[in-house]
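At position 260 of the sequence shown (counting the first as 1) the number is 260 in the working numbering, and the numbers step up by one without a gap.
Because the hints were derived from the structure by calculation, they are not lab data.
It is possible that some hints are incorrect.
In silico DSS-like cross-links for lysine-lysine, where the CA-CA straight-line distance does not exceed 27 Å [claimed, not checked]: (1) LYS315 <-> LYS68; (2) LYS315 <-> LYS77; (3) LYS222 <-> LYS440; (4) LYS222 <-> LYS296; (5) LYS58 <-> LYS352; (6) LYS68 <-> LYS58; (7) LYS315 <-> LYS58; (8) LYS77 <-> LYS175.
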Amino acid sequence: MNFRTKKSVCMHRLCGLLLPLMMLLAGCGGAPGDDRTIIYNCAANTAEIAALRPATEKFFAQTGIRVKLNPFSGEEKLYAMMAAGQAPDVFYTNNAVRDRLAAEGRLLNLRPLVEAHPLWAQLRPEVRDVAVSADGGIYSVGNYTQTCGIYYDRAVFAAAGLEPPAPDWTWEDFKAAARALTRDDNGDGRPERYGVFIPAHFIEVLEQMNHAPIRHDQLFLKISPEAREVYSEYLGLIQDGIMPDVRRVQAMGMQAAQMLQSGRVAMLVESVPHPGLAETLTIDWAVAPMPRFDGKEPRYFRSASGGLSISATTKHPEDAWRTLVWLLSEAAPYQPSPMLTGVPFVAAQEEKYPQLRGRGFREVWALSEQHPGGDPRYFVRFASWSMGPVMTRFQPWLDRLWSGAATIDEVMAAVPEINAGVRTDLERQLQSGGLRPEWKTQLERALAEAQP
Numbered sequence: 001m002n003f004r005t006k007k008s009v010c011m012h013r014l015c016g017l018l019l020p021l022m023m024l025l026a027g028c029g030g031a032p033g034d035d036r037t038i039i040y041n042c043a044a045n046t047a048e049i050a051a052l053r054p055a056t057e058k059f060f061a062q063t064g065i066r067v068k069l070n071p072f073s074g075e076e077k078l079y080a081m082m083a084a085g086q087a088p089d090v091f092y093t094n095n096a097v098r099d100r101l102a103a104e105g106r107l108l109n110l111r112p113l114v115e116a117h118p119l120w121a122q123l124r125p126e127v128r129d130v131a132v133s134a135d136g137g138i139y140s141v142g143n144y145t146q147t148c149g150i151y152y153d154r155a156v157f158a159a160a161g162l163e164p165p166a167p168d169w170t171w172e173d174f175k176a177a178a179r180a181l182t183r184d185d186n187g188d189g190r191p192e193r194y195g196v197f198i199p200a201h202f203i204e205v206l207e208q209m210n211h212a213p214i215r216h217d218q219l220f221l222k223i224s225p226e227a228r229e230v231y232s233e234y235l236g237l238i239q240d241g242i243m244p245d246v247r248r249v250q251a252m253g254m255q256a257a258q259m260l261q262s263g264r265v266a267m268l269v270e271s272v273p274h275p276g277l278a279e280t281l282t283i284d285w286a287v288a289p290m291p292r293f294d295g296k297e298p299r300y301f302r303s304a305s306g307g308l309s310i311s312a313t314t315k316h317p318e319d320a321w322r323t324l325v326w327l328l329s330e331a332a333p334y335q336p337s338p339m340l341t342g343v344p345f346v347a348a349q350e351e352k353y354p355q356l357r358g359r360g361f362r363e364v365w366a367l368s369e370q371h372p373g374g375d376p377r378y379f380v381r382f383a384s385w386s387m388g389p390v391m392t393r394f395q396p397w398l399d400r401l402w403s404g405a406a407t408i409d410e411v412m413a414a415v416p417e418i419n420a421g422v423r424t425d426l427e428r429q430l431q432s433g434g435l436r437p438e439w440k441t442q443l444e445r446a447l448a449e450a451q452p
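Working from the sequences, and respecting the hints, build out all of it.
Okay, here's the thing in structure tokens:
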């Protein structure tokens with residue numbers, strides 16, 4: 001059973017009661033100098049904080065809302081602040097914890113605020129879709145998205161007599177290029193240059209391109225035939241000697257970007273855009289879209305790992321909402337936002353990072369908008385309840401698989417035991433208490449009907 005449900009009549013009634021209450025709590029002050037401070041958990045990034053400070057002063061002059069920046073230093077600190085009754089007003093939540101926090105009554109349901117605001121219509125459809133939680137509520141709004149692509153050295157391609165990758169190149173085209181680009185001068189089986197490196201956390205992206213059935217809010221682990229095929233193809237790159245395995249990468253002692261920069265690999269799968277990579281590389285680089293699996297329409301990765309939430313204990317819910325809207329649609333450091341339709345995101349990125357011009361970024365981004373596949377990553381795929389129980393059991397098997405210590409058959413055989421442990425953990429969660437009744441009912445129903 002898909003754990004995402006339609007909003008109930010009760011939810012409509014509850015939202016109708018909450019909105020007037022929030023308006024009353026917010027007060028009606030508006031002049032600068034009123035005690036209307038909103039604490040925002042911003043990224044602990046010096047450049048971002050420096051850019052935000054003048055923007056918050058301008059926002060204060062316009063609205064009377066003082067935004068206090070609280071550099072975010074990890075989820076544990078956020079939980080500690082919540083436990084102490086000192087939660088920030090606006091903060092980032094990822095999909096792995098959002099619904100759990102909502103079920104514990106720690107997040108404000110934004111639905112009555114969102115649906116009455118023009119921002120909702122401006123958000124890209126996939127952003128609106130992923131914002132809806134299992135109980136029909138909206139507890140966060142996405143604040144950023146990326147796609148991914150294959151960065152490559154154009155000079156190395158030319159020296160090997162290869163044409164740059166075509167927008168519609170296939171997995172077989174990609175493998176042929178990787179073979180041609182691999183160089184083992186002394187024949188010792190340890191190439192001086194590997195054709196490609198695909199970090200293991202991008203394997204889910206390949207599953208999606210191969211049309212593996214991926215649903216969000218899954219309770220249990222399922223490995224489809226399409227996913228198994230991707231596992232086999234990924235291992236094949238290593239076994240054919242055209243991609244380094246985990247141990248070889250560790251022996252190199254390099255970050256992925258350094259491997260491309262130094263010529264140890266000719267192609268690298270990474271996020272797009274990736275400002276740090278663009279500013280670091282000094283080679284003649286470009287980026288190509290992910291290869292398509294033969295005969296299958298592309299489903300390009302578009303990250304949707306989380307967004308901005310508002311604490312259920314905020315003293316000024318309307319001011320917090322106005323701040324959240326400002327951060328998403330007006331705050332200069334974050335504009336233009338890729339979460340909004342009709343904004344010049346690509347042009348702005350090229351203006352900010354001139355290194356992106358003429359290197360394929362524009363084309364890769366356009367394809368991801370034309371054929372969005374969503375976010376297939378495990379920590380997004382599984383429900384808040386089960387992501388931890390699944391991945392603490394599944395990830396060690398994946399690590400063993402990619403290092404050659406386990407086979408695909410052994411991983412497949414472990415799935416029933418993994419799911420049995422997950423079910424035990426979920427039942428324990430239900431018995432422990434702390435979940436709001438409507439969420440507990442949803443989890444009980446989903447757990448009763450779900451088949452591992």
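Hint check results:
Note on LYS315 and LYS68: the hinted pairing holds, with a Cα-Cα distance of about 14 Å set against a maximum of 27 Å. Only pairs whose Cα atoms come within 27 Å are accepted, and LYS315 paired with LYS77 is accepted, the gap being roughly 20 Å. In summary, the hint linking LYS222 to LYS440 is supported, as the alpha carbons are separated by about 24 Å, within the 27 Å threshold. The straight-line distance between the Cα atoms of LYS222 and LYS296 is roughly 21 Å, inside the 27 Å bound, and the hint therefore holds.
At most 27 Å may separate the alpha-carbon atoms for a hinted pair to count; LYS58 and LYS352 meet this at roughly 22 Å. Note on LYS68 and LYS58: the hinted pairing holds, with a Cα-Cα distance of about 13 Å set against a maximum of 27 Å. Note on LYS315 and LYS58: the hinted pairing holds, with a Cα-Cα distance of about 22 Å set against a maximum of 27 Å. For the hint pairing LYS77 with LYS175, the CA-to-CA distance comes to about 44 Å; that exceeds 27 Å, so the pair is violated.
The structure fails hint 8 only (numbered hints given earlier).
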